[in-house]
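J.: Put together the whole structure using the sequences plus the hints.
2 protein chains.
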Amino acid sequence: MPDPMYRQIAEDLRQKIESGVLGRGTQLPTELELREEYDASRTTIRDAIRLLITRGLVETRAGQGTFVVEQIDPFVIIVKPETGFGLGESAGYAADVTAGSRRPRVSMPRVEVQQATGVIASELLLADGSVVVSRHQQRFIDDTPWSLQTSFYPMSLVEQGATHILQAVDMPNGVVSYLAEVLGVKQVGWRDKITVRTPEVNETGFFKILEDGRIPVFETFRTSFDESGTPLRVTITVYPADRNQFVVSFGDVPASASA
Amino acid sequence: MPDPMYRQIAEDLRQKIESGVLGRGTQLPTELELREEYDASRTTIRDAIRLLITRGLVETRAGQGTFVVEQIDPFVIIVKPETGFGLGESAGYAADVTAGSRRPRVSMPRVEVQQATGVIASELLLADGSVVVSRHQQRFIDDTPWSLQTSFYPMSLVEQGATHILQAVDMPNGVVSYLAEVLGVKQVGWRDKITVRTPEVNETGFFKILEDGRIPVFETFRTSFDESGTPLRVTITVYPADRNQFVVSFGDVPASASA
DNA sequence: GGGTATTTGTCCGTATGTATT
DNA sequence: AAATACATACGGACAAATACC
Numbered sequence: 001m002p003d004p005m006y007r008q009i010a011e012d013l014r015q016k017i018e019s020g021v022l023g024r025g026t027q028l029p030t031e032l033e034l035r036e037e038y039d040a041s042r043t044t045i046r047d048a049i050r051l052l053i054t055r056g057l058v059e060t061r062a063g064q065g066t067f068v069v070e071q072i073d074p075f076v077i078i079v080k081p082e083t084g085f086g087l088g089e090s091a092g093y094a095a096d097v098t099a100g101s102r103r104p105r106v107s108m109p110r111v112e113v114q115q116a117t118g119v120i121a122s123e124l125l126l127a128d129g130s131v132v133v134s135r136h137q138q139r140f141i142d143d144t145p146w147s148l149q150t151s152f153y154p155m156s157l158v159e160q161g162a163t164h165i166l167q168a169v170d171m172p173n174g175v176v177s178y179l180a181e182v183l184g185v186k187q188v189g190w191r192d193k194i195t196v197r198t199p200e201v202n203e204t205g206f207f208k209i210l211e212d213g214r215i216p217v218f219e220t221f222r223t224s225f226d227e228s229g230t231p232l233r234v235t236i237t238v239y240p241a242d243r244n245q246f247v248v249s250f251g252d253v254p255a256s257a258s259a
Numbered sequence: 001m002p003d004p005m006y007r008q009i010a011e012d013l014r015q016k017i018e019s020g021v022l023g024r025g026t027q028l029p030t031e032l033e034l035r036e037e038y039d040a041s042r043t044t045i046r047d048a049i050r051l052l053i054t055r056g057l058v059e060t061r062a063g064q065g066t067f068v069v070e071q072i073d074p075f076v077i078i079v080k081p082e083t084g085f086g087l088g089e090s091a092g093y094a095a096d097v098t099a100g101s102r103r104p105r106v107s108m109p110r111v112e113v114q115q116a117t118g119v120i121a122s123e124l125l126l127a128d129g130s131v132v133v134s135r136h137q138q139r140f141i142d143d144t145p146w147s148l149q150t151s152f153y154p155m156s157l158v159e160q161g162a163t164h165i166l167q168a169v170d171m172p173n174g175v176v177s178y179l180a181e182v183l184g185v186k187q188v189g190w191r192d193k194i195t196v197r198t199p200e201v202n203e204t205g206f207f208k209i210l211e212d213g214r215i216p217v218f219e220t221f222r223t224s225f226d227e228s229g230t231p232l233r234v235t236i237t238v239y240p241a242d243r244n245q246f247v248v249s250f251g252d253v254p255a256s257a258s259a
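Note that the protein sequences, when read in sequence, are chains B and A.
Going by this note's numbering, the first residue of the first sequence is number 1, and it counts up by one from there.
Going by this note's numbering, the first residue of the second sequence is number 1, and it counts up by one from there.
Worth flagging that the hints you see were computed from the coordinates, not collected in a lab.
Among the hints, a few may not be true.
For chains that are exact copies, the list does not tell them apart, and a pair is met inside one copy or across any two.
[Said to hold, decoys possible] Quick list of in silico lysine to any residue cross-link-like pairs, SDA-like style, CA-CA up to 20 Å:
{"no.": "1", "residue 1": "Lys16", "residue 2": "Glu200"}
{"no.": "2", "residue 1": "Lys208", "residue 2": "Gln137"}
{"no.": "3", "residue 1": "Lys208", "residue 2": "Phe67"}
{"no.": "4", "residue 1": "Lys186", "residue 2": "Glu112"}
{"no.": "5", "residue 1": "Lys208", "residue 2": "Thr144"}
{"no.": "6", "residue 1": "Lys16", "residue 2": "Val201"}
{"no.": "7", "residue 1": "Lys208", "residue 2": "Val106"}
The structure displayed is predicted, hence computed values, not measured ones.
T.: Structural data, given as structure tokens:
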């Protein structure tokens, strides 16, 4: 038994794309033309194209047509000790991006005092509903939206004297070094949890990606610890998965030389 | 101007799901019932449901109905030095999985001698078209498909005497320790590149996920280096993103205590 | 700026096939 | 075997976005 017609059409178009007959960025025939070419209804043609869309091969632009997607030059997020120890918020994370001609930029933080939800509370080893300080920032590279980041700090840090984290001001040297100065608290390690999920509505808006969940987002949970093993903060960062990749190195590794 | 009707319907259903009115695993009203409830055509109802499907909230089963997806207890892939140094292929990677009651299993490797393609060649610092040995394995946890893994080794290792990597036999102590024994070559570090993409057809088949690309896959490139900084091997591993997450630790981090 | 043609987006109706119970 | 529910496919109509003159 053969595949349904819309799958056959999608497969035929896929081969034309991957074989290079339809190059990157070129326009596909219009739905009307494909309708005649394959002798199918417009519904069936649209089902075929939808399959190619969810596979990430083509994109449609209302009023223009259907196009083979261009390859995106990805941002590379380097995860390694040197970029993290002693560096904080903006400084540390901006340095994560591979150099090139790319200019990172960070928005002013939005600071809130709120109650810790389940995951935040458990990561910080606090009781559910404990008060925490959240600092939220939007981060750009070359003025294109790159990531959304929120850090959560236990309120006890403020009570101990680190009052500046309540101010909506970017800390050039990072919050971690500020904590070291004021409280003598040192970050000695962290744990990153990297997952993938469909984007929330506010995220699709910021990243300007389609809000139907076709493009997933990376979500990283970074829990930082001080010398006594107490969680210092939890940082949640969200990146669109279509333009980002992570690089993790261990041991002696020569400088990167590959794409 | 309000959103189109199918989006409003999808939004209404989404709220019912996330608020708990429609619990995990419960069945949604049938398309016919939804048609009457929202006074829309079946096409519009199906468009709304399709939106929820690509967002990963519901799934349809022909002949049964539409159901709210169950939450999956994810596999946690630990990326840290202790699991990698001195351990190899099967041993090292099996240990990546958090303990619990989960039993990892690895298929017999499929060994091939082939020419290195672009990425493989450049990662191994070989000329394009150089001969390499590939060892491909399917990996399971509790008999559910977990990941597909292919390692590429330069043919020069075989010529220097490491002929066992040509045999289609699992190496319980790992290929890396075998190379250390036979050739005295030690793996001193590695670099992981973690990306997300839509699955290939053979991958959807193995993982038993829908082949329309709704569920993305993690793809990790691990390049391992010896003491002289020469790439020893490249390992490509593919995991379905709906049931896996990565944990990366640096520095002093207490044993995990969180979900 | 405005109007028109083109192209995709939304929505309707209907019929038949296929999987499951 | 029959009923149910989703899957596929056809047809048509109008709206919205875009490009071009």
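J.: Indicate, hint by hint, whether the structure satisfies it.
T.: Going down the list of hints, with the structure as the test:
1. Lys16 to Glu200: Between copies, since 16 Å is at most 20 Å while 34 Å is not.
2. Lys208 to Gln137: Cα proximity of Lys208 and Gln137: one copy only (17 Å, versus 39 Å across).
3. Lys208 to Phe67: within (18 Å within a copy, 30 Å between copies)
4. Lys186 to Glu112: So Lys186 and Glu112 fail the 20 Å test inside a copy (24 Å) and across (50 Å) alike.
5. Lys208 to Thr144: So Lys208 and Thr144 pass the 20 Å test inside one copy only (9 Å; across, 36 Å).
6. Lys16 to Val201: between (34 Å within a copy, 16 Å between copies)
7. Lys208 to Val106: Result: close within a single copy only, 17 Å intra versus 41 Å inter.
Of the numbered hints stated above, the single one contradicted by the structure is hint 4.
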